[in-house]
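> Each chain is listed here by its residues.
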Amino acid sequence: MSAVAPESGHGAPIGPPLWLLAELTYRCPLHCVFCYNPVDFAKHEDELSTADWLRVLREARAIGAVQCGFSGGEPLQRNDLEILVAEAHKLGYYTNLITSGIGLNEERIAWLKEAGLDHIQLSFQDSTREVNDFLSSTRTFDLKRKAAALIKQHGYSMVLNCVIHRLNIDHIERIIALAVELEADYLELANTQFYSWAHINRDQLLPTREQVVRAEAITNQWREKLGNTMKLFFVVPDYYESRPKKCMNGWGNVFLTIAPDGVALPCHTARMLPGLAFPSVREHGVREIWYESEGFNRFRGTGWMKEPCASCPEKEKDLGGCRCQAYMLAQDAAAADPVCDKSPRHAELVATVDGLQALSERAPAMPLVFRGRKESLAAERQF
Amino acid sequence: MQAKLETLDTHERVPRIGRGFRLQWEPVQSAHVLLYPEGMVKLNASAGEILKRCDGATPVEAIVADLERAFQTTGLERDVRSFLDLAAEQRWIEWK
Chain A
787 MSAVAPESGH GAPIGPPLWL LAELTYRCPL HCVFCYNPVD FAKHEDELST
837 ADWLRVLREA RAIGAVQCGF SGGEPLQRND LEILVAEAHK LGYYTNLITS
887 GIGLNEERIA WLKEAGLDHI QLSFQDSTRE VNDFLSSTRT FDLKRKAAAL
937 IKQHGYSMVL NCVIHRLNID HIERIIALAV ELEADYLELA NTQFYSWAHI
987 NRDQLLPTRE QVVRAEAITN QWREKLGNTM KLFFVVPDYY ESRPKKCMNG
1037 WGNVFLTIAP DGVALPCHTA RMLPGLAFPS VREHGVREIW YESEGFNRFR
1087 GTGWMKEPCA SCPEKEKDLG GCRCQAYMLA QDAAAADPVC DKSPRHAELV
1137 ATVDGLQALS ERAPAMPLVF RGRKESLAAE RQF
Chain B
480 MQAKLETLDT HERVPRIGRG FRLQWEPVQS AHVLLYPEGM VKLNASAGEI
530 LKRCDGATPV EAIVADLERA FQTTGLERDV RSFLDLAAEQ RWIEWK
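Chain order of the listed sequences is A and B. The opening position of the first sequence corresponds to residue 787 in this note's numbering, with each subsequent residue numbered one higher. The opening position of the second sequence corresponds to residue 480 in this note's numbering, with each subsequent residue numbered one higher.
Looking at chain A on its own, in the form it has when it is part of the complex (with noise of 0.2 Å):
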């Protein structure tokens, strides 16, 4: 390749986005209580179409987008979605579908194996009926085990997702026996990070800090006894570390996502942001998107870092943290992420957190608030 690459501000060039996310739909047979779908998500409804989606697929591997998730809401609403993959396979993809398993039927996985299905992720919410049943607020436990049934027999290796928080957390054994059970090659144990809908429902779902500790011991016991049999990830919440994760690898690093109505984003969530307008690829090209807008460029690399990051020799490392969590905990996207104990605002959110705990001892103050399109609409907050 003797092109010049595009550098970003600082002089670095920008990479390709190596991960294409394709969030076909925000519609979903489930009302889970973490989605991380915006609060808003039923004013925009506008979905692109196939045509649409099948020239982001071919203009994002242009430049070099390699793995392509297929996720939402729910990606087996759309009925466009074997046509959607078999073009991504076509075109060289690895394809991931990111599926609760609703409307997954044996017609549909021999028809997506056909279409050059690479992969699918599966999400679980329980170990046990009741409280998966109760967290999507839907009769789907035993739809989710004949999925897994099918994902196997069609030759899938697989990967279950369970959404860790306070009310599941003590049944991590059990959850874990059930990926046993189900032969699952992967398990990723993915503590609900606070954001859209759980950030709604943070009072009820942050675990304490002791019922983390409990659940990640649990987990390092069944590593050792499971081997390489099956591989268990355990995503601990952000809000008990003290330092930021890298969040997406960095803004506009790797990830490319596309939102339902075509609006292209650094990461799901960064559509909260204020002040930064992020193109639709109705109105522009993937490539013009990804190295040229404004929205993308925004902050990338270390030049738009503010103390106490700027002069941090742990920059390179995690890039200040999430934008988004730095927005939300500290009102300012440029800031560093409040997780970060060098962070003026890390005290805060120690006090929230110890707030919490005291408060996960006493009965629950408010209910549950479940994603569904009702709320959404009457919902005063977009994230």
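Just so you know, not all the hints are guaranteed correct.
[To be verified] Anything over 12 Å on all C-beta distances counts as not near chain A; from chain B, calculated:
1) S525
2) D534
3) P538
4) E540
5) T553
6) R560
[Stated by the list, open to error] Sample of chain B residues at the chain A side, in silico, Cβ under 7 Å:
7) G499
8) V507
9) L514
10) P516
11) E517
Calculated from the structure, these hints are not laboratory results. Ideal Cβ positions, reconstructed from N, Cα and C, are used throughout, including at glycine.
Dock chain B against the given chain A, drawing on the hints supplied.
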């Protein structure tokens, strides 16, 4: 499985790309990459050359010979075997 492997002459072992993994050349990165569920490994040139010969039909010995021929060199066997052991540990390859 383990017992079965032990009875085989190691020289006859045949590697193939692991289930769920896919090897391909990416022009934008000027590199071979190994793709797997939700991830990617960008391979250096020698790893790419070894893995692209792991076709499920060629035994290790023949892979080594082919590499030595292609790069007009000798004595690659140890490096190739230790790379393949590492690759198997990572599930990048499987032994047939």
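> All the hints need checking, so say for each whether the structure fits it.
Quick rundown of the hints versus the structure:
Interface exclusion of B:S525 from chain A stands, the closest Cβ pair being 20 Å apart, more than 12 Å. The Cβ of B:D534 lies farther than 12 Å from every Cβ of chain A, with a closest approach of about 19 Å, so its non-interface assignment holds. A cut-off of 12 Å between C-beta atoms confirms that B:P538 is not in contact with chain A; the least separation is 24 Å. Against chain A, the non-interface label of B:E540 holds: every CB pair exceeds 12 Å, the least being about 26 Å.
Here B:T553 stays apart from chain A, with its beta-carbon at least about 32 Å from theirs, past the 12 Å limit. The claim that B:R560 lies off the interface holds: its Cβ sits roughly 20 Å from the closest Cβ of chain A, which is beyond the 12 Å cut-off. Given the 7 Å rule on beta carbons, the hint for B:G499 holds: about 4 Å separates it from the nearest Cβ of chain A. Hint status for B:V507 relative to chain A: holds, with the closest Cβ pair at about 3 Å, below 7 Å.
For the restraint placing B:L514 at the interface with chain A, the shortest Cβ-Cβ distance is roughly 4 Å, inside the 7 Å limit, so the hint holds. Interface restraint check: B:P516 against chain A, minimum CB-CB distance 4 Å, threshold 7 Å, status holds. Given hint, B:E517 at the interface with chain A, holds; its Cβ is 6 Å from that chain's nearest Cβ, closer than 7 Å.
Checked against the numbered hints given earlier, this structure breaks none of them.
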